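Those protein sequence lines, which keep their order, are chains A and B. The first sequence begins at 1 in this note's numbering and counts up one residue at a time. The second sequence begins at 1001 in this note's numbering and counts up one residue at a time.
Everything labelled a hint here was simulated from the structure, so no lab data went into it. Here the structure is a predicted model, which is why all the values come from computation and not from measurement. We treat Cβ as the ideally placed atom computed from N, Cα and C, and that holds for glycine. Heads up, none of these hints are tricks.
Where chain A lies over chain B, by a calculated footprint (3+ residues, C-beta under 8 Å): (1) 1002–1010; (2) 1015–1028; (3) 1069–1082.
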Amino acid sequence: MADWLDATLSDAELVAGCRAGDPDAWNALVERFSRYVSAIATQAFRLPEHDAEDVFQDVFTRVYERLGSLRSDDAIRPWIGQLTRNCCLDLLRLSGRVVLVAEPEEQAADEVIARLDEALTVREGLAHLGPECQEVLDRFFCRDESYRTIGAELDIPPGTIASRISRCLGQLRSELEGRKPTPPSSSE
Amino acid sequence: MTTYNEERLGELLRMLPPAPVGWVAAAQQLPFARIQLDALVQRAEADAAYRASVVADLELALRAVGVEPRPAVIDHLRKRLAQ
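All chains should be built: construct the whole structure from the sequences, respecting the hints.
As structure tokens, this is what we get:
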């Protein structure tokens, strides 16, 4: 299972670890936000894979270089979201393929980013479930694996997977509905 | 409070598939790459012949110090050498 789902460290603790030069903290931070950055590039701005990869590396380079300018360690998430958005827009504007990104397209991208923010909140909730639920939900929904593949990989009867998914979704819902909403925060 | 049903949760989980493994690994290598780049630039500042070889082929120079020559890294090295 990916390190991303380790919920023992908060975003702020990860940022503090990165500032202190802890390579494990950096690895975990990249892992934690990798899906979010990649999804903004490929889903919100529909960049082709090679451009999305450039944006991905550019975003994490900037994060690494500018962590010191982050006003609040808790603000890492909106900051990374904004950095990714700006990197995508810069790439589209500078690539020559699109001279100017039209306002309706930016608005549409922002609507997708808002949904991705919600998706990231759900993933954060997932990190608080047991490893069994994390794994089965990640494999089924995020990795698009079939019941047969999941059953073979986890050594469980395929006939029990649907009920396990339903039970785990119930736990995830309870986890999310018991949380306080994340307040919006400023970044740099 | 936001409420979720199973269908909505499934939709939201599907929105965040894993990023390609290679992308993640490259980003995780950034601190190492930064150290290597600093050493490379420092050596180029002290050694004109080495600097000329680096400028002649930035990709080769990066590979020689174990850094994947991705566009963002090449661009960063070019800017630092120009300073």
